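J.: Sequence:
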Amino acid sequence: MKKLWTILIVIIVLLILFLLLGPFYMVNEGEQAVITRFGRIVDTETTSGLKLKMPVIDTVTKYPKMLLSWDGDAQRIPTKENQFIWVDATARWRINDPALFYMTVKTVEGGIARLNDVLDSTIRTVISENYLNEAVRSTNRINSMEIEENVGSEVENAEDAETLRSLTSTRAVQEEIKIGRDGLSDMMLQDAAPLTLRYGIELEDVIIRQIRYSDDLTASVYSRMIKERSQIAETYRSYGRGQLLSWQGRTENDKKNILSKAYAESEKIKGDADAAATAIYSNAYSADPEFFRLWTLLESYRKTIPGIKDKTLSTSLDYFDYMYSSEGRSETSESL
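In the working numbering, the protein residues as written are 20 to 355.
Treat the hints with caution; some may be incorrect.
[Said to hold, decoys possible] Within a straight-line C-alpha distance of at most 16 Å, the following computed EDC-like cross-link-like pairs (lysine to aspartate or glutamate) qualify: (1) K70 with E48; (2) K72 with D62; (3) K81 with E128; (4) K99 with E194; (5) K81 with E100.
Worth flagging that the hints you see were computed from the coordinates, not collected in a lab. Small disclaimer: the values here were computed from a predicted structure and weren't measured.
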């Protein structure tokens with residue numbers, strides 16, 4: 020009986036020691052594990068739950084099982100026509116063979132480093148073998164788009180608005196693309212996927228996230244945009260000059276009509292005034308012809324003599340007879 024108790028105690032102690040050494044480990048959801056013994060892989064676990072290993076001598080290395088993201092640095096890459104662009108891409112990947120992953124790269128950081136090498140090289144190769152249009156566009160829809168200017172209340176009538184709209188409308192004519200940005204992304208995935216499998220990495224997709232023009236190409240694009248807008252602006256200016264000439268013509272015609280009517284009316288008024296003055300003069304002459312001649316001559320003197328102070332005139336002129344004779348005659352002539 021004593022011997023039995025001794026055996027039980029020894030077994031319990033050994034069991035406690037075994038448990039203290041950690042023979043169990045947990046694989047959580049979304050994790051997978053590689054078990055190594057003295058640096059050699061002895062097992063892999065891809066399912067979650069409580070697992071058993073040899074304590075002390077076995078080492079458990081866990082890796083994520085879910086999709087991981089790769090975000091590369093933007094690269095300045097020449098296209099097939101030697102136009103430099105900045106390409107920013109991203110990718111999703113997973114560890115599909117944890118044992119191979121452990122043997123080749125060990126850590127997730129090491130896997131990202133390998134992806135950097137593979138994907139950066141693949142992206143550069145694919146972009147440099149294709150034209151710029153293939154990288155910046157995914158469809159040919161732009162070739163069916165027609166851009167019309169918003170011609171509003173500044174135009175006089177609907178006909179002018181339609182004319183101006185037709186003159187300023189632009190249709191984007193670009194080269195037809197055969198692959199497009201999405202197609203280039205698929206090509207990158209096809210080229211890179213076989214290379215990553217040797218590291219136990221499965222690529223889910225590769226996506227071109229952003230394309231940016233380099234400084235020299237940006238300047239060229241801006242120059243083309245400025246040229247297009249300048250052409251539209253010149254169209255508006257031409258339309259404005261035409262409207263100006265039209266309004267000037269109308270204004271000149273209106274001015275001539277107004278002046279013509281005013282001249283006709285003024286001539287009528289002057290004619291009426293002359294007729295009235297003639298009637299008054301006739302009545303005055305009929306009342307006293309001699310006084311009328313005297314009055315008119317004196318009025319003439321009053322208007323003309325102040326203006327001839329820098330000239331010399333002879334008093335023998337008949338014009339001055341009334342100044343020397345009440346009968347309108349002069350016996351002698353004197354110089355003034």
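J.: Please go over all the hints and tell whether each is borne out by the structure.
T.: Going down the list of hints, with the structure as the test:
1. K70 with E48: 13 Å, holds
2. K72 with D62: 9 Å, holds
3. K81 with E128: 13 Å, holds
4. K99 with E194: It holds: about 14 Å lies between the C-alpha atoms, which stays within 16 Å.
5. K81 with E100: 47 Å, violated
This entry does not satisfy hint 5, going by the numbered hints stated previously; all others are met.
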